[in-house]
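Asker: Sequences and hints are given; from them, build the entire structure.
Residues -16 to 444, numbered by the numbering used here, are exactly what the sequence shown covers, in order.
It cannot be assumed that every hint is accurate.
[Claimed, not checked] Taking lysine-lysine and the DSBU-like style, the derived pairs with C-alpha atoms no more than 30 angstroms apart in a straight line are:
(1) K140 to K442
(2) K433 to K417
(3) K417 to K285
(4) K137 to K88
(5) K285 to K370
(6) K433 to K81
(7) K370 to K380
Since the hints were made in silico from the structure, they are not lab data. Note that the structure is predicted; figures quoted are calculated from it, not measured.
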Amino acid sequence: MTHTSQHRSQVTRRRFLQTSAAFSAWAMTASSYARIIGANARLNVAYIGVGGIASGQHIPPLAGFGAGCPCYTDADTNRWGAAADRWSEAKGYTDYRKMYDTHHKEFDAVMVGTPDHHHYPATIIAMMHGKHVYTQKPLTHTPWEARQLALAMKRYKVATQMGNQGHASEELRQTIDYLRAGAIGSLVEAHVWTDRPWWRQGLARPAGAEEIPANMDWDSWIGPAPMRPYRHNPADGWGGLYHPFNWRGWWDFGCGALGDMACHEVDPVFWAMRPGYPTSIELIGCEPIGDGEMYTKASTVKFEYPATALRPGFALLWHEGGRKPDRPDELDEGTELSNQGALYIGTEGKMICLPHAKAPPRLLPQARHEEYGKPEQQIARSEGHHKEWYSACIEEKPYDHPKSNFEYAGPFTESMLLGCIAQKVGGRLEYDAKAMRFTNNDDANQYVSKTYRDGWEFKMG
-16 MTHTSQHRSQ VTRRRFLQTS AAFSAWAMTA SSYARIIGAN ARLNVAYIGV GGIASGQHIP
44 PLAGFGAGCP CYTDADTNRW GAAADRWSEA KGYTDYRKMY DTHHKEFDAV MVGTPDHHHY
104 PATIIAMMHG KHVYTQKPLT HTPWEARQLA LAMKRYKVAT QMGNQGHASE ELRQTIDYLR
164 AGAIGSLVEA HVWTDRPWWR QGLARPAGAE EIPANMDWDS WIGPAPMRPY RHNPADGWGG
224 LYHPFNWRGW WDFGCGALGD MACHEVDPVF WAMRPGYPTS IELIGCEPIG DGEMYTKAST
284 VKFEYPATAL RPGFALLWHE GGRKPDRPDE LDEGTELSNQ GALYIGTEGK MICLPHAKAP
344 PRLLPQARHE EYGKPEQQIA RSEGHHKEWY SACIEEKPYD HPKSNFEYAG PFTESMLLGC
404 IAQKVGGRLE YDAKAMRFTN NDDANQYVSK TYRDGWEFKM G
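Answerer: What follows is the structure, encoded as structure tokens:
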């Protein structure tokens, strides 16, 4: 498939992104793009990141639907195999900006499976080119970026989906059925906990640098983040200091355990309650990151959501690094809290999900669960997480059909990343969502957005 653009002139990326005429041209492309896809037989997808999660959760599902791939990007050429072996004619790049510049007329959709700090630039460029886009969780690296992508979905009207695959699961939707049916009354408090981090956190960056190997485009891997020296020495106990896995624990590249898992584990709460944005976020019982570059080893973060016309306010408590809520007395004798899970406390009862937050829900105690039975189905079931997005890409369904689209995933991600800021600065933060600022801690406001390295700043006009 191809798509056309009225913007033919060769301009720099910065000039292109700052010129209103250019934005008008791309907006035209985005709005007309859906008409082009439906007339063609095959969806072509460009992949940004083809190792790691992409090799198992991006490439196989779309290839199974018959999608093609004219090009792909990964800063580490040793990780090209999943794409290169499947599509031998596809062109590989280490810098997705070059891929967009060269091939944007040859693909219809983009899947983004990079470290968190690349999610926003890789995604917003796709949307400004009129491409459908699937981006891994957390949707972005900062709250400001999440707000921008939610706005971009409305502007460009392309199919979007965040990669929290459990959003399509039967068990998660059962949890929503119980909560919306009032099986525990009004929600007062939700506890969600995870055994992450599985990677190192809470340490100082070791000194020194190593030679960058030939397979690694380190400048492109760093991308919009501050430059850091390359280190990959298994003998020092780190292995790859940042790449390919430990980046999650670093403030400049990842969002810690909260960013890695909250978009999965908190999903039932956010979907069922539609809470919007928290009015306060508080770090409880641990030291903040402060000037450190890594997230802490363990923490509890409390989010307070205000009342709406449909429900009272409630609190969400996120526990990580081995922290858990108190074991509820109503839990069966001999049953302990697993390493991951969710506990919902309402005005008329409790509900638990073990061994993780997306497991089948169970009212407490067991006798109450058996007495209550199954609630009435509150939301439709899914044809599959990737199929939702694919169906919208090929116009079998409307562009907003995917249930974790950016209109949903943007506010969800923004809320969770406010918790990362609480982990950074400590204490209680009061948030004005309309202004996107903290009203009681001006120092914390610097982390709502960030400064991008030269050549990596991409904004809607």
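Asker: For each hint, tell me whether it holds in the structure or not.
Answerer: Hints, one by one, checked against the model:
no.: 1; hint: K140 to K442; in the structure: 17 angstroms, holds
no.: 2; hint: K433 to K417; in the structure: 19 angstroms, holds
no.: 3; hint: K417 to K285; in the structure: 20 angstroms, holds
no.: 4; hint: K137 to K88; in the structure: 22 angstroms, holds
no.: 5; hint: K285 to K370; in the structure: 34 angstroms, violated
no.: 6; hint: K433 to K81; in the structure: 23 angstroms, holds
no.: 7; hint: K370 to K380; in the structure: 10 angstroms, holds
This entry does not satisfy hint 5, going by the numbered hints stated previously; all others are met.
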